[in-house]
Amino acid sequence: ARARQGAARRRSSGRDGGKASGSGKGRGPKKPTVWHGSASSNKKLSKKEADKLDMSRDKPADEAAAAEEAMRRQYMPSAGETAAWDEEDDDIRILEEDDEDATDGAGKAGGWSLGSMFSNLTNGRPLTEEDLGGVMEGMKTALISKNVAIEIAEDLCAAVAQSLVGQRLSSFASVKGLVQPALEAAVVNVLTPSENADVLRQVHEARRTGRVFTMVFVGINGVGKSTSLAKVAYFLKSHGCKPLIAACDTFRSGAVEQLRTHARCLDVELFERGYARDPSSVAAAAKVHARENGYDVLLVDTAGRMQNNEPLMKALSKLISDNRPDLTLFVGEALVGNDGIDQLMMFNESLADNSPPGTHHEVDGIMLTKFDTIDDKVGAALSMSYKTGKPILFVGTGQKYTHLKHLSVPAVINSLFS
Numbered sequence: 025a026r027a028r029q030g031a032a033r034r035r036s037s038g039r040d041g042g043k044a045s046g047s048g049k050g051r052g053p054k055k056p057t058v059w060h061g062s063a064s065s066n067k068k069l070s071k072k073e074a075d076k077l078d079m080s081r082d083k084p085a086d087e088a089a090a091a092e093e094a095m096r097r098q099y100m101p102s103a104g105e106t107a108a109w110d111e112e113d114d115d116i117r118i119l120e121e122d123d124e125d126a127t128d129g130a131g132k133a134g135g136w137s138l139g140s141m142f143s144n145l146t147n148g149r150p151l152t153e154e155d156l157g158g159v160m161e162g163m164k165t166a167l168i169s170k171n172v173a174i175e176i177a178e179d180l181c182a183a184v185a186q187s188l189v190g191q192r193l194s195s196f197a198s199v200k201g202l203v204q205p206a207l208e209a210a211v212v213n214v215l216t217p218s219e220n221a222d223v224l225r226q227v228h229e230a231r232r233t234g235r236v237f238t239m240v241f242v243g244i245n246g247v248g249k250s251t252s253l254a255k256v257a258y259f260l261k262s263h264g265c266k267p268l269i270a271a272c273d274t275f276r277s278g279a280v281e282q283l284r285t286h287a288r289c290l291d292v293e294l295f296e297r298g299y300a301r302d303p304s305s306v307a308a309a310a311k312v313h314a315r316e317n318g319y320d321v322l323l324v325d326t327a328g329r330m331q332n333n334e335p336l337m338k339a340l341s342k343l344i345s346d347n348r349p350d351l352t353l354f355v356g357e358a359l360v361g362n363d364g365i366d367q368l369m370m371f372n373e374s375l376a377d378n379s380p381p382g383t384h385h386e387v388d389g390i391m392l393t394k395f396d397t398i399d400d401k402v403g404a405a406l407s408m409s410y411k412t413g414k415p416i417l418f419v420g421t422g423q424k425y426t427h428l429k430h431l432s433v434p435a436v437i438n439s440l441f442s
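Under our numbering, think of the first position of the sequence shown as 25, with each following residue one higher.
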């Protein structure tokens, strides 16, 4: 009887497909291995699992090459393309001959024509402040309509009026010959408040004395500092300089890799020490490397930060204090208009307030991105330079490395009075 019961149990175990009992007996046949990607597997691989199974030794290099190729297509100029900085400036077109007949004052800027307003004063008598009052009021209205701050519009008009008092306007040609230079000089005085507005000249002067010219790029998050730095590197290299890029954004994930790809596209060396490092120490080491290896300009990339982030602003002030750059360049978007003025002034104030004891650091110059898309907001750029006393050294006019230029005074005047 016991034998028959044992046989029955064995038959039952076989019919159950080899299910294991709690004692571990009767495990049944071994299950076949299911390979990932086979017809019998419907489980989707995770990225980690896929990377583990990928035995390609060149995978990281392939990804880097693909990223570099994509950036080359996006940023490198086309064959034979003229760089924006080599394009000729526009002529000032606000005083045209066809304005001479428009004596009713209707026309271009703010509903009137600057040329026609001045043509009413072509009587050959010396101009007085009273003669110029109506014209200057119309000019101020036109400037304010283009986002120029009121006090700046008043100062510009006062400067133009002062240069014209006592002058004689005998014809429309004399209007153009006197008014246009006066207006141009007033705008230049606002846009270039200091003598150190020519970066290329400063780099060459430093090179003659055997010194590495150092530029630090600063600003808030997401304004395009790294790409702007790459454009400046291309500009300097195109003018015979030997730039070195320092990756001192050791905080944002992917920042070093982005700069590395830019450097490969530009055929410029990148000095890097990875992440979680003291940015000031990285910049200091980069300066030593630049000096010992014959570089004449060092471009330092920094992490974006808001002006109210005290720890990050102190870290930036420390970097500037320790390394004493020749130029601290604030990168901002031209699109933000008058909001950008407050942003820059607060950033500059925070940089000064967080300077180490016994030091005082401020922004030295301004670089505006997306300047080709601002249309009538050009007045905000004028206000930004006026209120801070800092020159606008570069403007970005597109995506490519060659889409960089100095701010054209004729273009600004044409935009203000068009």
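Note that these hints are calculated values from the structure, not bench results. Among the hints, erroneous ones may be present.
What the hints assert, rightly or not - When the alpha-carbon atoms are kept at most 25 Å apart in a straight line, the in silico DSS-like pairs for lysine-lysine are as follows: (1) Lys411 <-> Lys394; (2) Lys261 <-> Lys394; (3) Lys424 <-> Lys266; (4) Lys164 <-> Lys424; (5) Lys261 <-> Lys411; (6) Lys394 <-> Lys424.
Unchecked claim - Simulated restraints, written as ranges between beta carbons of each label pair: (7) Ala103 <-> Asn317: 49 to 55 Å; (8) Glu178 <-> Ser198: 50 to 56 Å; (9) Ala103 <-> Gly148: 29 to 35 Å.
For every residue, glycine included, the Cβ atom is placed at its ideal position computed from N, Cα and C.
For each hint, the structure was consulted:
1. This hinted pair checks out: lysine 411 and lysine 394 have alpha carbons roughly 21 Å apart, not beyond 25 Å.
2. Taken as a hint, the lysine 261 and lysine 394 pair is honoured in the structure, with Cα atoms around 22 Å apart against an allowance of 25 Å.
3. In summary, the hint linking lysine 424 to lysine 266 is supported, as the alpha carbons are separated by about 20 Å, within the 25 Å threshold.
4. About 36 Å separates the Cα atoms of lysine 164 and lysine 424, which puts this hinted pair outside 25 Å; it is violated.
5. Only pairs whose Cα atoms come within 25 Å are accepted, and lysine 261 paired with lysine 411 is rejected, the gap being roughly 32 Å.
6. For the hint linking lysine 394 to lysine 424, the alpha-carbon distance of about 12 Å falls within 25 Å, and the restraint holds.
7. Range check, alanine 103 to asparagine 317: Cβ separation about 31 Å, and the 49 to 55 Å hint is violated.
8. One distance hint, 50 to 56 Å for the beta-carbon pair glutamate 178 and serine 198, is violated here, with the actual separation near 26 Å.
9. At roughly 56 Å, the beta-carbon separation of alanine 103 and glycine 148 lies outside the given 29 to 35 Å, and the hint is violated.
When the structure is compared with the earlier hints, violations turn up for hints 4, 5, 7, 8 and 9 and for no others.
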